[in-house]
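*Asks:* Residue numbers (the numbering used here), protein chains in the order written: chain R, 1 to 246; chain L, 1 to 221; chain B, 1 to 63; chain F, 1 to 221.
No lab work stands behind these hints, which were simulated from the structure alone. Certain hints may be false.
What the hints assert, rightly or not - Under the rule of at most 27 Å between Cα atoms (straight-line distance), these lysine-lysine pairs were calculated in the DSSO-like manner:
#1 K93(L) to K81(R)
#2 K49(B) to K81(R)
#3 K12(R) to K81(R)
#4 K170(R) to K49(F)
Said to hold, decoys possible - From chain R, some residues computed to sit far from chain F (all C-beta separations above 10 Å):
#5 K12
#6 L64
#7 V173
The beta carbon of each residue, even a glycine, is placed where N, CA and C say it ideally should be.
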Amino acid sequence: MHKFANPTRFLKLAAAVFPWAAGLTIALFAAGLVMALVFSPDDYQQGSTVRIMYLHVPAAWMALFTYTVLAASGAASLIWKHPLADVAGKAAAPIGAMFTALALVTGMLWGEPMWGTWWVWDARLTSVLVLFFLYLGYMAVWDAIDNRATAGKAAAILAVVGFINVPIIKFSVDWWNTLHQPASVFRMDGPTIDASMLWPLGLMFGAFNAYFVTVLIWRIRAELQARRVRALEDLLVRQTERESAV
Amino acid sequence: MGPNPTVQTQDGFEARSLACRRAGRLVFEGLDFSLAPGQLLVLTGANGSGKSSLLRLAAGLLSPAGGALLRAGVDLAKDRDSHLADLHFVGHKNALKPTLSAAANLEFWARFLGDAGNVEQGLDAMGLGGLADLPAGELSAGQQRRLGLARLFLRPATLWLLDEPTVGLDQASRTRLADAMRRHLECGGMILAATHEDLGLSGGVLELERFAPRTALEEWL
Amino acid sequence: MTGVFDMGVYAPYVWGSYGIGVLLLAGLAYQSWRRARITAARLAALEAKAPHRRRRRETGDGS
Amino acid sequence: MRSILALLGRDVGLSWAAGGSTRLALAFFALTVTLFPFGVGPGAATLAKVAPGVVWVAALLASMLSLDRMFETDFEDGSLDLLAIGPLPLPLLVLVKTVAHWVSTALPLLVLAPVLAITLQLESTAYPALLASLVIGTPALSFIGAIGAALTTGLRRAGVLLSLIVLPLYVPVLIFATGAVDAARNGFDTAPHLMFLGAVTLVAVVVGCWAAAAALRLHLE
Numbered sequence: 001m002h003k004f005a006n007p008t009r010f011l012k013l014a015a016a017v018f019p020w021a022a023g024l025t026i027a028l029f030a031a032g033l034v035m036a037l038v039f040s041p042d043d044y045q046q047g048s049t050v051r052i053m054y055l056h057v058p059a060a061w062m063a064l065f066t067y068t069v070l071a072a073s074g075a076a077s078l079i080w081k082h083p084l085a086d087v088a089g090k091a092a093a094p095i096g097a098m099f100t101a102l103a104l105v106t107g108m109l110w111g112e113p114m115w116g117t118w119w120v121w122d123a124r125l126t127s128v129l130v131l132f133f134l135y136l137g138y139m140a141v142w143d144a145i146d147n148r149a150t151a152g153k154a155a156a157i158l159a160v161v162g163f164i165n166v167p168i169i170k171f172s173v174d175w176w177n178t179l180h181q182p183a184s185v186f187r188m189d190g191p192t193i194d195a196s197m198l199w200p201l202g203l204m205f206g207a208f209n210a211y212f213v214t215v216l217i218w219r220i221r222a223e224l225q226a227r228r229v230r231a232l233e234d235l236l237v238r239q240t241e242r243e244s245a246v
Numbered sequence: 001m002g003p004n005p006t007v008q009t010q011d012g013f014e015a016r017s018l019a020c021r022r023a024g025r026l027v028f029e030g031l032d033f034s035l036a037p038g039q040l041l042v043l044t045g046a047n048g049s050g051k052s053s054l055l056r057l058a059a060g061l062l063s064p065a066g067g068a069l070l071r072a073g074v075d076l077a078k079d080r081d082s083h084l085a086d087l088h089f090v091g092h093k094n095a096l097k098p099t100l101s102a103a104a105n106l107e108f109w110a111r112f113l114g115d116a117g118n119v120e121q122g123l124d125a126m127g128l129g130g131l132a133d134l135p136a137g138e139l140s141a142g143q144q145r146r147l148g149l150a151r152l153f154l155r156p157a158t159l160w161l162l163d164e165p166t167v168g169l170d171q172a173s174r175t176r177l178a179d180a181m182r183r184h185l186e187c188g189g190m191i192l193a194a195t196h197e198d199l200g201l202s203g204g205v206l207e208l209e210r211f212a213p214r215t216a217l218e219e220w221l
Numbered sequence: 001m002t003g004v005f006d007m008g009v010y011a012p013y014v015w016g017s018y019g020i021g022v023l024l025l026a027g028l029a030y031q032s033w034r035r036a037r038i039t040a041a042r043l044a045a046l047e048a049k050a051p052h053r054r055r056r057r058e059t060g061d062g063s
Numbered sequence: 001m002r003s004i005l006a007l008l009g010r011d012v013g014l015s016w017a018a019g020g021s022t023r024l025a026l027a028f029f030a031l032t033v034t035l036f037p038f039g040v041g042p043g044a045a046t047l048a049k050v051a052p053g054v055v056w057v058a059a060l061l062a063s064m065l066s067l068d069r070m071f072e073t074d075f076e077d078g079s080l081d082l083l084a085i086g087p088l089p090l091p092l093l094v095l096v097k098t099v100a101h102w103v104s105t106a107l108p109l110l111v112l113a114p115v116l117a118i119t120l121q122l123e124s125t126a127y128p129a130l131l132a133s134l135v136i137g138t139p140a141l142s143f144i145g146a147i148g149a150a151l152t153t154g155l156r157r158a159g160v161l162l163s164l165i166v167l168p169l170y171v172p173v174l175i176f177a178t179g180a181v182d183a184a185r186n187g188f189d190t191a192p193h194l195m196f197l198g199a200v201t202l203v204a205v206v207v208g209c210w211a212a213a214a215a216l217r218l219h220l221e
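Using the sequences plus the hints, can you model the full thing?
*Replies:* Okay, structure coming up:
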């Protein structure tokens, strides 16, 4: 069995890391929000909507990062048969889906004042939308298969296949965007980021990552405990069955 | 080519401390058996004790969670193809397409398994000669079961893996099957069968409950 | 301290984004935390109900 | 080789026969395309503009309709077990079944598509590009679809899950294919689009065979 494969050893490690991750999340979010809302200057062109970028850019980045985590845990589950990999994948998916939703919503709220329409078929926003469906597909596979072990492997296969397709989708959407979009006057990821914006953006990046680790630990712990509950219940059923049969 | 006791495992089929995990759950462990040419081994045990799982392991559909299965002394994991080329597997379901005729169904399996094989011999062996052109969907359950069993006679194979072969068969078909199994054993064939019915054939019995997983709560992931 | 108050005409968009941001982030965090607590409680209850098995299992397989 | 032909022949035969998926796919394709003029209006200019997209989206949905039957019927009647232990390795088995799906659904669409494109007032210069994009692009639909079909074998409500898994992965195929036809409509060079489409199809073949084989192995357990 792999060193960390043993759940109890993993839970000890998680318990040690958790306070740091949670503390960091709170601290970074606090600092990031203050920097973003209070001190960051208005952009000469976008006015105060530039502040939405401090949410949109980290969320979009984390959406892709979490899908990479899904694909990595899928590969670990398929190739090295790592039993904890499936649990990590199942735990990470909703977090990634939430980040994707956040990126989409903030993208729309940012786009509306600029172009007067809520949805703009911008290359980046469209790719994030397709990524959102990939997350839904992954989570739907988990729900559709009752047996945990089979569901884990099926989701792992889908995550790896999805991951192979992400660059292809990204490339095709960019290609499609240049075909149909006259040189878009305003690129989605905003003007060149000048120094004053780096601080809030950096803090928010850190906050999102710390947040990801914190919530992931919660969700993995919940999943491991849920499986242990199911195993104990199954054992109880077989126990009473054997006792009644004897 | 009667059964040759001295060459016990030479070209027999055996399991050594075999363990089976199906979709995450340990079904049995530490299972041993050895089957020599000319022998029948009947698997007994309650539902869920792993009869079908053991047959699927023997057919190479599942890979063992522990231990090994050996055919003629060679581990299946190392050389699966020669094992698969020399066995017949009849599961619960009959693998028939209802819109295809009985003969067409057998014809497909004969050609898919690599050689023309003789469909007529298969049909006659299970008394289905007259029904060759009927669509399989219109046959009765018993007739469909016999059509599934007819695959055993398409081409010679030493090892037969039968999962509840007599389900749905009338008495005449049951004796027909028992005779065919007896003939197969007499000319050095081996049979591993999961069944509750006494087929009137002498053979070993493997009680699967004896190999239920011992650890009270297996690795709970 | 100018930024916070006079977001100008874009105030609803900025506050809207941050409002939804907090909603999504805090919502998922709360749901995950709560689920961890619930499963922990159910696990404790089940293990309390079958203590003897637990002790034998502790000594049995050294997982 | 005989096994491949046997399997190909059986699957295509079953699909083209009554109750098979070919007729269903053709009818769905024709119906979907003819619905659009009622929606966007019969004006030639608007129709011609959306024609490539409409034909391709309809073709994509039509081929997806018969996807969940690709492995499901064999899984239900027990043939999948026998196919899996047959002479063909699993990825090759997936390749043959996917080609059978392509022959039984995409080929008929190829014949019908130009006819329907006429009703959408597609400019005459675009027909070669439409056919080329269908020939190059539809295999990708089948091979990516095979992954979804294999993952959802034996599941309840497989159809919904299949579309959720497969449709996001169809985006590149749709973009490059309609891009090619649009380029032809406007007199541009269609080669780059078709080459990208070909690349997507090749990736789909490789990834599809591996992933679908892995997914089938799961459900065989």
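*Asks:* Now look at each hint and say whether the structure bears it out.
*Replies:* Hints versus structure:
no. : hint              : verdict
1   : K93(L) to K81(R)  : violated (31 Å)
2   : K49(B) to K81(R)  : violated (33 Å)
3   : K12(R) to K81(R)  : holds (22 Å)
4   : K170(R) to K49(F) : holds (25 Å)
5   : K12               : holds (32 Å)
6   : L64               : holds (14 Å)
7   : V173              : violated (7 Å)
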